[in-house]
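Peer 1: Sequence:
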Amino acid sequence: MTRELVPDALWERVAPLLPVPKKKKSGRGRPRADDRAALEAIVFVLRTGIPWELLPQKQFGLSGMTAWRRLEQWTRAGVFEQLQRNLLNELGQQGLVDFSRASIDSSSVRASKGGPFTGKNPTDRAKAGSKHHLLVDAKGQPLAESLTGANVHDTHELFPLLDAVPEVKQPRGRPRHRPGKLHADKAYSSRKNRRGLRRRGVTARIARPGVESKQRLGRHRWVVERTNAWKNQQRRLRVRDERRDDVHFGLLVLGSCLILFRGLNPDFC
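Just so we're aligned, residue 1 is where the sequence shown starts under full-length UniProt numbering, counting upward by one.
Calculated directly from the structure, the hints in this document are not laboratory data.
Yeah, the Cβ is synthetic: ideal placement off N, Cα and C, and Gly gets one too.
Hints may contain errors.
[Said to hold, decoys possible] Lysine-lysine pairs mimicking BS3-like chemistry, simulated, CA-CA at most 30 Å apart:
| # | residue 1 | residue 2 |
| --- | --- | --- |
| 1 | Lys-139 | Lys-58 |
| 2 | Lys-181 | Lys-169 |
| 3 | Lys-181 | Lys-139 |
| 4 | Lys-169 | Lys-127 |
| 5 | Lys-139 | Lys-113 |
| 6 | Lys-186 | Lys-127 |
| 7 | Lys-58 | Lys-120 |
| 8 | Lys-169 | Lys-120 |
| 9 | Lys-113 | Lys-169 |
| 10 | Lys-139 | Lys-127 |
| 11 | Lys-120 | Lys-186 |
| 12 | Lys-127 | Lys-58 |
| 13 | Lys-127 | Lys-113 |
[Unchecked claim] Ranges of calculated distance between the beta carbons of each label pair, as one might list FRET restraints:
| # | residue 1 | residue 2 | range |
| --- | --- | --- | --- |
| 14 | Pro-175 | Pro-56 | 22 to 28 Å |
| 15 | Ser-112 | Thr-155 | 22 to 28 Å |
| 16 | Gly-49 | Arg-200 | 34 to 40 Å |
| 17 | Asn-151 | Arg-238 | 17 to 23 Å |
| 18 | Arg-47 | Gln-170 | 30 to 36 Å |
| 19 | Arg-195 | Trp-222 | 25 to 31 Å |
| 20 | Pro-266 | His-177 | 21 to 27 Å |
| 21 | Pro-266 | Lys-23 | 28 to 34 Å |
| 22 | Ser-63 | Arg-200 | 22 to 28 Å |
| 23 | Lys-192 | Leu-18 | 21 to 27 Å |
| 24 | Arg-178 | Ile-50 | 37 to 43 Å |
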């Protein structure tokens, strides 16, 4: 079962990115847990949403806390961000990243243990929550993501997300990181945002309050809502159980990587 969580094709892309572990003094301590087993355990927790301490140790060969520590180390080393860039480049070279248009949206999750980047969620009776912000291409491929408190307005994350999109290789010509158009709902409508998009050479397709219906723009924007639904199939992202914001963000980026990997390997589920 565990090999289905991390197939060979995915492991071959992750393994070169992992930091070299420190050598232990001979004869001291337990043998270091296998990196692939640790990644399988992390993906298992991400998908099922179980607490780390309930990870089946006999099945994976390591404890939940060992898996968490490996996740924390790899997050600090930027492994998942680099994996996302590599996957986007692979997809881009095959013509599977469409920069003709992009869509942006957010989704709020309850932060059961609090921590940095949480705030009173206006849609959940002011309980502590965080917000996942997501930018996708015309096909719904995740280009960039960010984490804020649930009380942070969506409009503040438009340019941080747009500017975080890496250079993506194309089948021909130069790499791209700017979409031709950006689709968004009324939460992103402001003169500042429209001016900023013009300066970046991006056409704004943002619903204007009282002028345009969000249903009309939804012909193209639905892909980001679908990708958010894919994200929420990974149950650890439905609720923020990590007090550490960097570790939770690491899981969010890893979730995006699994979606991108599915674009290269449709049989992966």
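Peer 1: If a hint holds in the structure, say so; if it doesn't, say that too.
Peer 2: Okay, the hints, checked on the actual structure:
1. Lys-139 x Lys-58: violated (40 Å)
2. Lys-181 x Lys-169: Distance of about 19 Å is within 30 Å: holds.
3. Lys-181 x Lys-139: holds (13 Å)
4. Lys-169 x Lys-127: violated (42 Å)
5. Lys-139 x Lys-113: Not OK: Lys-139 and Lys-113 at ~35 Å, beyond 30 Å, violated.
6. Lys-186 x Lys-127: holds (24 Å)
7. Lys-58 x Lys-120: The given pair, whose Cα atoms are some 40 Å apart, is violated under the 30 Å limit.
8. Lys-169 x Lys-120: violated (40 Å)
9. Lys-113 x Lys-169: violated (40 Å)
10. Lys-139 x Lys-127: With a Cα-Cα distance of about 34 Å, the restraint between Lys-139 and Lys-127 is violated, given a limit of 30 Å.
11. Lys-120 x Lys-186: Status holds; Cα separation ~21 Å.
12. Lys-127 x Lys-58: violated (37 Å)
13. Lys-127 x Lys-113: At roughly 11 Å apart (the allowed maximum being 30 Å), Lys-113 and Lys-127 satisfy the hint.
14. Pro-175 x Pro-56: 22 to 28 Å: violated (42 Å)
15. Ser-112 x Thr-155: 22 to 28 Å: The hint (22 to 28 Å, Cβ to Cβ) holds, given that Ser-112 and Thr-155 are roughly 27 Å apart.
16. Gly-49 x Arg-200: 34 to 40 Å: holds (37 Å)
17. Asn-151 x Arg-238: 17 to 23 Å: holds (19 Å)
18. Arg-47 x Gln-170: 30 to 36 Å: holds (32 Å)
19. Arg-195 x Trp-222: 25 to 31 Å: Once the Cβ atoms are compared, 27 Å apart, the range 25 to 31 Å for Trp-222 and Arg-195 holds.
20. Pro-266 x His-177: 21 to 27 Å: This hint holds: roughly 26 Å between Cβ atoms.
21. Pro-266 x Lys-23: 28 to 34 Å: violated (40 Å)
22. Ser-63 x Arg-200: 22 to 28 Å: violated (47 Å)
23. Lys-192 x Leu-18: 21 to 27 Å: Given about 41 Å between the Cβ atoms, the range is violated.
24. Arg-178 x Ile-50: 37 to 43 Å: With a Cβ separation near 40 Å, Arg-178 and Ile-50 satisfy 37 to 43 Å, so the hint holds.
Consistency with the previously given hints fails for numbers 1, 4, 5, 7, 8, 9, 10, 12, 14, 21, 22 and 23, ordered from lowest to highest.
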